[in-house]
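Trainee: What follows is the residue order along each chain.
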Amino acid sequence: MKVVRELGRLQIVWIGLVLAGLLVAFSVLAPGSFPTSFNLLNLVSDAAILLLLATGMTFVIVTAGIDLSVGGVLVFSAVVAAKVIEGTGSLTLGAAAGVVTGLGWGVLNGVLVALGRIPALIVTLGTLGMSLGGALLLTGGVDLRAPAELNLGLGLARWLGVPLIVWICAAITAVAGLTLAWTRFGRHTYAIGSNAEASRRGGVAVRGHLIKVYGLAGLLAGLAGHLSLAKYGITGVSAHSTDNLQAIAAVVIGGTSLFGGVGTVAGTVIGVFIPVVLQNGFQILGVRPFWQQVVVGAVLVAAVYVDQWRRRARDQ
Amino acid sequence: MKVVRELGRLQIVWIGLVLAGLLVAFSVLAPGSFPTSFNLLNLVSDAAILLLLATGMTFVIVTAGIDLSVGGVLVFSAVVAAKVIEGTGSLTLGAAAGVVTGLGWGVLNGVLVALGRIPALIVTLGTLGMSLGGALLLTGGVDLRAPAELNLGLGLARWLGVPLIVWICAAITAVAGLTLAWTRFGRHTYAIGSNAEASRRGGVAVRGHLIKVYGLAGLLAGLAGHLSLAKYGITGVSAHSTDNLQAIAAVVIGGTSLFGGVGTVAGTVIGVFIPVVLQNGFQILGVRPFWQQVVVGAVLVAAVYVDQWRRRARDQ
Amino acid sequence: MAVPLIDARGIVKSYGQVEALRGADFSLRGGEVVALIGDNGAGKSTLAKILSGVERPDGGTISLDGESVAFGTVEEARAAGIETVYQDLALCADLSPAANFFLGRERLRPGLLGLLGVLDNVRMRRETREACERLGVRLASMSAPVSALSGGQRQGVAVARAATWARRVVFMDEPTAALGVLQTRRVLDLIRSVRDAGVSVVLISHNMQDVMAVSDRVEVLRLGRRVAGFETGRVSMEELVGAMTGAMEQDERNGRNGQDEAAGRDAAGRDAAAGPGEQAGPGER
Amino acid sequence: MAVPLIDARGIVKSYGQVEALRGADFSLRGGEVVALIGDNGAGKSTLAKILSGVERPDGGTISLDGESVAFGTVEEARAAGIETVYQDLALCADLSPAANFFLGRERLRPGLLGLLGVLDNVRMRRETREACERLGVRLASMSAPVSALSGGQRQGVAVARAATWARRVVFMDEPTAALGVLQTRRVLDLIRSVRDAGVSVVLISHNMQDVMAVSDRVEVLRLGRRVAGFETGRVSMEELVGAMTGAMEQDERNGRNGQDEAAGRDAAGRDAAAGPGEQAGPGER
Amino acid sequence: GGGGGGGTGQVRVTLVQGLAGEEFYETMACGAKAKAQELGVTLDVQGPQKFDPTLQTPIVNSVVAGKPDALLIAPTDVKAMIAPLTQAKQQDIKIILVDTVVEDQSIGLSRISTDNVKGGAAAAKALSEQIGGKGKVLVISTDPGVSTVDARIKGFEDEVKANHAGVGYLGVQYSHNDVSEASRIVNAALAKDPDLAGIFAANLNSATGAGSALQQAGKLGEVKMVGFDAGPAQVKQLKDGVVQALIAQLPGEIGAKGVEQAVAAVKGQQVTPSIPTDATIVTAENVDQPEVQKVLYKAGC
Ligand SMILES: Nc1ncnc2c1ncn2[C@@H]1O[C@H](COP(=O)(O)OP(=O)(O)OP(=O)(O)O)[C@@H](O)[C@H]1O
Ligand SMILES: Nc1ncnc2c1ncn2[C@@H]1O[C@H](COP(=O)(O)OP(=O)(O)OP(=O)(O)O)[C@@H](O)[C@H]1O
Ligand SMILES: [Mg+2]
Ligand SMILES: [Mg+2]
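Protein chains in written order, with our numbering: chain A, 969 to 1284; chain B, 969 to 1284; chain C, 20 to 304; chain D, 20 to 304; chain E, -16 to 284.
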């Protein structure tokens, strides 16, 4: 049942081809608007923050866990960052506060999952409610605004024509991808997802590692909160209720198994972009929103089917 | 790692005690308002439709699958039912149309999962988009209304003082629970979730069975759509985006493992009521809404922790 | 002699780069016990899975009672009366021994309840317990899931299941690997009594004592090919080991098995199919 | 004689209703090979798991080098130089053989990359392949996951791993169950050479030939209790089988083992701990 | 002249709703479409699945990539939408703000806005009138942080506190746009305060759920309810006696006016910088009057 890991690598090629096919198709259908640097840059920029969440989620899902709390942690961290900036006037302190807050929530998740042995779904559903509720308590339910120097600074800054936020997210994703693929930390992540009991017997510090993995996911969500605050200028207390599903979907589209042990960050990157490209392309083509939902759903299934089908053909 | 099935039975006792504990606690804290037949009946009545979704979800999750599409299927079926009633004037035809529509979506899910071998998460995410988009297309985004004879008939009817809808949902849940626990159909459901390959080798028609299980979940979602139309008098095209997570959470709180092979409908029933009771109790106690979210999240984790902890103590 | 019950020719199966079977032949007649032996990774389990319908071969032909079949589903093989003890046992770890024993063949309650598909758990538990105890395997609790059983208890359940349901052939892939001394003897007795009831048995085993004790013929696989076939009565353990490891064909000092290289694989395959009175030499690699 | 390396007394372990161990004793000295035998479900694997720190006993004492320890984590046992081949192998099916071989002990690249935790996959693959080939186990592909290996190949990886890392004791729970004839011989050789290097070996096996061939002492478990201990050189296979199945103690016709009932379990346990030159009688049930 | 369009001469206008599939915005789209047809311009409609700037931003970006001549938009945040709209402005797209606005006054050649605060105040007045000026009232909202809804609630609260001393305000509960959640909230509220007198349901799903709970409790009509918006479903609720009053805005008219202004802007004609629209209280008594009929939302087009 479990997907051969070696083919996991190859799979990226296939799902990557699906993405490439979509890009080509939209470029042909809307040559004047889709394949412009303006559009593609916006596309990347809009996906960047989700990418961070999905990267953290990849680690979690590879351990056979799940993290529903990312959206709540993002909002909570953004609120803390905004409050700290407001209070201290220091952007650096604000960023640090946001990231540390995210890490804290992640570690809480990890502790409850690893030491409390509560199903990850329940733990993170609980912390989702707690973090969202907490954010609302801190703000009174009214979105906080980012100070102009953050919104106009980090939020708009570009380097080589590409938004700084994109660079940050891409760099972190790349480091995370390399870590998962090539380091001991990554190896233990796969081992735990593949067989937690065997890993424990093999001497992997399973509990500590799980805490680190959930901590990482929380940290990335905290950073995403700060970046989102910079980019959109608001904390978005109502805006992130579907982040968790989006991130999980991206991870699974990218070939990571919900049952753990298998997956790559590179796949997740493609998994983030497939729905984003579909949505963007159909919007540019002027497809009506309701039809978009239908078509995006259908194409998504078809894309993953092509991928599975190719894989199976190889597998036989 | 996997939970012993025998203890699965016992577990219901524990999580049931947690629910009982909550009921007692709220009754003590708000003796005049919480334990009234008025409040408890309403509580049951509001949980009834979610119960149907969660029951179908239990079967799906026991096979180690997942169904994110239930909310979309519910809405789509409600729309079809409303249109058919409007067109034909027959309530029976409308009900039948709703149920059959739900079944259709469920079978589509099942076919894509079982024959297409696409991850269930992707399939049902796709059909969620398709069914919701389809419902919006059918209605133009404007909720359809149920005819008064449905809303005032089935919607309000009572038997022995309890709403008819509650009877219907309870009866179906009971039948489903018995089916899962005592029949060949249930046995095969557990077997597939425990080890799909071993089931195949053992001669279980795995694909056909998966189609039936997803079909059942769709059918129950379709029925839920019709009942929701009767109860609320409206198709609620925008109102069901969190149904899937609510149902999944109920199933997992009830002790069903996301990894399949383990779980009971009785646990799911308790899992449906724990969050509902928490919400109701805290509101009656006058806890502020934002605090409610925090407290519900925390108590949820604690409740499942108590349950896990008791189970582990027994396990040692 | 009648046509063989199973006759497989030139079976090829690769997994990605790895060629598990490279043209293996195998044949089996009614009512005989054939031991299939070979080194680790020789392809024995793969061959058993293909002949049980679990895996689809990449090439080669299989005929059953002389008729060509294209197994590809377990249902077909089961319908033909073939049962298998898989090396990995293929049990559902979360289900009870009885649920596994009767998987796909559940006993229903008599009467109306049965029509509704209600299981007769009491009866299934009793029958499972009896079948296991016949093998000397004691199950401490009938309701505990298989994951709570000891290695030998699990294997006992799997062996009892296959032996109970087989009507024509039972493949046993290392059925005694985890079993105790007593239980192993009982399984060997079971193999004999199953054979006496007319069911053919294919025994895959690394235990040459067991192979010698119970089989009528021995077929040897090496690196995905059948390299030799012997009549058990006329072969020594050393010869078997030599054939498995390839020592024998290298020096060809064993006169009885040192047939002409030209006889080759095809000849050996045909020989084996012809009758138990003959024995084939080792084929070329 | 020095204090035993491991001395476990009155180990009790129940799973729900099932009592897997009901006061089992076990002791082990440095540099000896002890075979632990018993019927299916006797509690051998449970005892091995407890002494490897995988399971926590419900009762009893364990001392290591004469000091009382409360194993409960694998880390502690590993730190004490104890390695184990589990009956269920405990491999990560999605990972490659090399990843499993080095699990928890990954080799890092030299230099800066190593400080960053980057794995030296080339080296780990090479060393894994070498260790497996020393056992006669050929791995067709080093990058395929363990789930793609044959039963014997998997077991080879698990055995090679434990033998490579053990410094004081290696528990081997049926290490040759899935191995071929050649590979089994190699494992027995390995056990001897490991012993010669000063590492104690506990061999759990149903194969009496292997037990006789390689062990210095034999300890017999039955229904969760140690019922007998023998010096291998002075016991026959029949006696071992008798002790396992309980036939022996029922009729007590074997003079050498028919000690006074009063010697009982404790006496047997102490005897066994005393030295390899003695042998203990079967304890009471 | 048709700016950066396809060069066909046909004026291309895109409407970006605040929330796709909501009756208010669908009615707005209908009004816009009718006007676009009348003026012979092409109209595309897009909208996010939630009232949320992080979801609306990508949509604006992709719409801008398609370079329409004019963009009609209901910004989902006064601040967060400034950046993408500035980008649009830089691409020479004429921007008309409909329903909601952004802080940056330089964005939006014309602003046709609904005053949600005023609407909330109107709801308070209507509800107070229904309950005879005294009794406990509860507000049911969707999610916290949705700016338009928050504005309605703020208007409601301020009005109650300022001018209706007899009204006991119980605060807001959030239904997360889920009907059964709204129903549960009202159940618990009735259990806690059996003397509940009135409910302000800030959107359709909240009103639906609340209505169902009241119906089950047999308190329909006894507990007065005021809803927001006047789509067909809401009007049905009004006629069925589930709600006693509705606060109607003018989405169709906003859409039509928006297209008018957009076309004027593209053609270089005079535009009106600010067009405020009003809220109307609809009750069972006045619903059949022609001038009220005019403000009711249309079910599709
Ligand atoms: N699913 C699979 N994917 C990839 N390779 C496989 C797979 N199954 C088997 N193989 C490879 O095919 C070869 C033959 O395997 P098989 O299990 O048939 O051997 P075997 O003769 O049963 O060995 P053993 O005695 O160890 O059980 C091995 O090299 C194995 O690695
Ligand atoms: N996790 C568990 N849960 C419940 N019962 C268990 C568990 N593990 C072992 N047992 C029971 O404890 C008893 C001893 O099991 P154990 O695995 O130690 O036997 P064993 O001597 O290794 O047998 P075998 O030779 O078959 O491997 C068995 O009856 C088994 O069913
Ligand atoms: Mg094999
Ligand atoms: Mg064992």
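Source of the hints: derived by calculation from the structure; they are not laboratory data.
Hints should not be assumed to be uniformly reliable.
The calculated label-pair distances, taken between Cβ atoms and stated as ranges, are [claimed, not checked]:
1) E/Q74 x D/M161: 36 to 44 Å
2) A/V1274 x D/M231: 58 to 66 Å
3) B/V1079 x E/Q74: 43 to 51 Å
4) E/D75 x A/L1061: 34 to 42 Å
5) D/A98 x A/L1061: 38 to 46 Å
6) B/V1255 x E/D75: 50 to 58 Å
Bear in mind the structure is a predicted one, so any value in this text is a computation, not a measurement.
Glycine is no exception: its CB is placed at the ideal position from the N, C-alpha and C atoms.
Trainee: Indicate, hint by hint, whether the structure satisfies it.
Mentor: Against the structure, the hints:
no.	hint	verdict
1	E/Q74 x D/M161: 36 to 44 Å	violated, 55 Å
2	A/V1274 x D/M231: 58 to 66 Å	holds, 59 Å
3	B/V1079 x E/Q74: 43 to 51 Å	holds, 45 Å
4	E/D75 x A/L1061: 34 to 42 Å	holds, 41 Å
5	D/A98 x A/L1061: 38 to 46 Å	holds, 42 Å
6	B/V1255 x E/D75: 50 to 58 Å	holds, 53 Å
Hint check: a violation occurs at hint 1 only; the rest are consistent with the structure.
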